[in-house]
Amino acid sequence: ETGVTQSPTHLIKTRGQQVTLRCSSQSGHNTVSWYQQALGQGPQFIFQYYREEENGRGNFPPRFSGLQFPNYSSELNVNALELDDSALYLCASSWDREEQYFGPGTRLTVT
Amino acid sequence: RKEVEQDPGPFNVPEGATVAFNCTYSNSASQSFFWYRQDCRKEPKLLMSVYSSGNEDGRFTAQLNRASQYISLLIRDSKLSDSATYLCVVTKNDYKLSFGAGTTVTVRA
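Protein chains in written order, with the working numbering: chain A, 1 to 111; chain B, 1001 to 1109.
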């Protein structure tokens, strides 16, 4: 196991609602990256947080936002959920933006 | 055009067979290359990095062709446990991993 944990494991939301996903990074890691993986696709980079600052963002709208806390855990927030937001959300932690270790993911279903 | 493209397969091979597949990437500025393995409904796990000179890790061999912008993975003596989706990953060292959609390999007894 990588030591990266995510919560919740599964989540069902209704279109238009808001959701917060959480990630605890591996001990000693200061960087967290978030990815969205739709069914049958590879993970797509959402954004990365390094030492509590956003350090790069993929092609996702502003309703996807995040935070990193002083203990380097992180949250991903998605507002105004759409059906296409249904996916596996993966976080990955690393030390100083080196090799990324993935957590087990949160499976979000939007109905 | 997608940044990383892979043959989705599936590749269905008997135990002990050799299977090989490629991916291509579009950004010539890409600096680092990897193969990840993903089991059904699980997180991706790093299988191996890919170096310009080519590299082996046990039964797995990876090759990189920068001129043609493609990466390959070869699995020798396939085991049942090799059944998985193999994700090709590139990065420009901006710490954003760009994944292909994956190649599915099924090894049958």
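Read the hints as simulated data drawn from the structure, not as lab findings. Quick caveat, the model's predicted, so the values are computed rather than measured. Be aware that one or more of the hints could be misleading.
[What the hints assert, rightly or not] Facing chain A, according to a computed beta carbon distance under 10 angstroms, are these residues of chain B, among others:
no., residue
1, 1004
2, 1006
3, 1008
4, 1010
5, 1013
6, 1016
7, 1031
8, 1041
9, 1045
10, 1047
11, 1051
12, 1069
13, 1070
14, 1088
15, 1095
16, 1102
Using N, Cα and C, we set each Cβ at its ideal position, and we do this for glycine too.
Results for each hint:
At about 7 angstroms, the closest approach between the beta carbon of residue 1004 of chain B and any beta carbon in chain A falls short of 10 angstroms, and the interface hint on this residue holds. Because the smallest distance between the Cβ of residue 1006 of chain B and any Cβ of chain A comes to about 8 angstroms, under 10 angstroms, the interface hint for this residue holds. Taking 10 angstroms as the C-beta contact cut-off toward chain A, the hint placing residue 1008 of chain B at the interface holds, the least distance being around 8 angstroms. The interface hint given for residue 1010 of chain B is violated, since its Cβ lies 12 angstroms from the closest Cβ of chain A, which is over the 10 angstroms cut-off.
At a threshold of 10 angstroms, the smallest CB-CB gap from residue 1013 of chain B to chain A is about 21 angstroms, leaving the interface hint violated. With 10 angstroms as the threshold, the beta carbon of residue 1016 of chain B stays out of range of chain A, its nearest partner Cβ sitting at about 29 angstroms, so the hint is violated. Taking 10 angstroms as the C-beta contact cut-off toward chain A, the hint placing residue 1031 of chain B at the interface is violated, the least distance being around 13 angstroms. Because the beta carbon of residue 1041 of chain B sits about 8 angstroms from the nearest beta carbon in chain A, less than 10 angstroms, this interface hint is met.
With a cut of 10 angstroms, the hint placing residue 1045 of chain B at the interface with chain A holds, because the nearest CB-to-CB distance is about 7 angstroms. For residue 1047 of chain B, the interface hint is violated, the least distance from its beta-carbon to any beta-carbon of chain A being 12 angstroms, above 10 angstroms. The interface hint given for residue 1051 of chain B is broken, as the beta carbon of that residue sits about 15 angstroms from the closest beta carbon of chain A, more than 10 angstroms. With its C-beta approaching chain A no nearer than about 17 angstroms, residue 1069 of chain B sits outside the 10 angstroms limit, and its interface hint is violated.
Given hint, residue 1070 of chain B at the interface with chain A, is violated; its Cβ is 16 angstroms from that chain's nearest Cβ, farther than 10 angstroms. The interface hint given for residue 1088 of chain B is met, as the beta carbon of that residue sits about 8 angstroms from the closest beta carbon of chain A, less than 10 angstroms. About 4 angstroms separates the beta-carbon of residue 1095 of chain B from the nearest beta-carbon of chain A, less than 10 angstroms, and the hint is met. Interface hint status for residue 1102 of chain B: upheld, as the beta-carbon distance to the closest one in chain A is roughly 6 angstroms, under 10 angstroms.
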